[in-house]
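Order-wise, the sequence lines are chains A and B. Following the UniProt record's numbering, the residues of the first sequence are numbered contiguously, the last one being 267. Following the UniProt record's numbering, the residues of the second sequence are numbered contiguously, the last one being 267.
Derived by calculation from the structure, the hints in this document are not laboratory data. Hints may contain errors.
Treat identical chains as interchangeable: a pair holds within one or across any two.
[Said to hold, decoys possible] In silico EDC-like links for lysine to aspartate or glutamate, alpha-carbon gap of 16 Å or less:
hint	residue 1	residue 2
1	K157	E236
2	K45	E236
3	K82	D70
4	K243	E158
Protein chains: 2
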Amino acid sequence: MKVLVVLAHPEPRSFNGSLFQVSVNELKAQGHQVKTSDLYSMKWKAEIDRTDFPDLATDARLRVPYASRDSYTTKSLTEDVKIEQEKLLWADVVLLHFPLWWYTMPAILKGWVERVFSMGFAYGVGEHSDKHYGDRYGEGVFAGKRAMLVVTVGGQKEHFSTRGIAGPIDDLLFPINHGVLYYPGFQVLPSHVVYQTDRLDEAGFEKEAEALREKLRHLDSIEPIAYRPQNGGDYEIPSLTLKPGLEGKNASGYSIHIREGGVAKNE
Amino acid sequence: MKVLVVLAHPEPRSFNGSLFQVSVNELKAQGHQVKTSDLYSMKWKAEIDRTDFPDLATDARLRVPYASRDSYTTKSLTEDVKIEQEKLLWADVVLLHFPLWWYTMPAILKGWVERVFSMGFAYGVGEHSDKHYGDRYGEGVFAGKRAMLVVTVGGQKEHFSTRGIAGPIDDLLFPINHGVLYYPGFQVLPSHVVYQTDRLDEAGFEKEAEALREKLRHLDSIEPIAYRPQNGGDYEIPSLTLKPGLEGKNASGYSIHIREGGVAKNE
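Pulled out of the complex, with its shape left as it was, chain A reads as follows (with noise of 0.2 Å):
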């Protein structure tokens, strides 16, 4: 397979920046083609902003989405931009490797989704009819591509567990497993998720690095979570509100998205 392995951390030498050279390792040793987007070696800029769209008239007034669309459109975009959008066409799977900073994805990683995932790339494709409100949530550009987070965090298990004062861990990541992966029509893999980080010493990173190996010689067989697909006769349109009755007895909140019987959880 073709696997896209971006990393989101300002340090190589930590055990965010270590794990991410044990998947791109493995990854070429199992005889996967390869590439990366190491954002902070690349010096990633964050902000979208106008300096993203060349050909936006100086004195116009910057509307990000329909800029982003029209830049995308007359294949204007700046070339860092290009190139990330290329390397997405071009891979089977991706891999998102970050810390969790602030419940969320660092800034870095932010800023490559908002610029990379343009209008008319990524979204705001599709017909929009009664039966149908756009390609995404299970539908659009990456439809029949995996992904995955990869996700290092400083605090406890049990913080983000259930009944945790963080918030549950799939909660936390659903924002970006849910709103950022599958909206573009990515199959999204349950999160490998890595605890305390910081308390880790030489043994306890290789017992987690085996982990993360053993995870990726599966990549292909592991079950996605299963989101319900947007145009899938689950949702009312163009509400977009889950149709009453589907969900489980105990499903709420974000849960209700996931079908009765499908890997929700990461592991």
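With chain A's structure known, arrange chain B on it following the hints.
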């Protein structure tokens, strides 16, 4: 009162940028002292990296939290970060104005949090014992201050409702309200959210501007979201899991962290 108004939008003429101006003007008209952080105008650097810690030895491994704590302690953080920390200490109330991009705040604002909320300042503070797990979630440097999000959303309100495909807006904003603001001690007011801002005309804007002005007239009396303090007896220490039986019958997911009968929802 002293109010800090933060803006994370690249276009002053946008709906969001215009609402920011409404806030600034209205607060001044009410006689409050106002400072602003217009992140795009300030060319705010979003990525936290080695250059944030000028005293870090060139060959030292960058461990972000500890580098941040050391630089904060020795007052060697960069000038832009120090200025923002001073503004936060000065303010009685902080407003964060931003558009919802990919279901959370823009990268530039996330990077403001990462760089300004240093260890030793906004986290990693307070006594750790078997009764007290640091000053956080209701305690910390910003205790006694209030904060509120002012969020513009392109999509329809229904998509962000309890059964909406995007997930409930209060859940999407929980990592910011609870994890970024309540964590270092802010009392968090229910978020002010405006939907389908791309579709609103001049009259629609004026109606929304007036709704925001009305809210701003009551900044000091609006009931904060009733999050449970970490060290108030509701959580086990050190697992920080909510003790059994405290949540209401219908509470689940994030909502178990809000006290029964307290204010939970944005309006």
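Inset, instruction - Go through the copies and call it for K157 and E236: within, between, both or neither, with a Cα cutoff of 16 Å. - result: The answer is between: 14 Å across copies meets 16 Å, while 37 Å in one copy does not.
Legend entry - Intra/inter-copy verdict for K45 and E236 if alpha-carbon distance must be at most 16 Å: Answer is neither: 39 Å inside a copy and 42 Å across each miss the 16 Å cutoff.
Legend entry - Up to 16 Å CA-CA - E158 versus K243, copy category: between (33 Å within a copy, 13 Å between copies)
Inset, instruction - Pop the pair K82 and D70 into one bin, within, between, both or neither, using alpha-carbon distances up to 16 Å. - result: Within one copy, since 14 Å is at most 16 Å while 39 Å is not.
Comparing the model with each earlier hint shows a violation of hint 2 alone; every other hint is respected.
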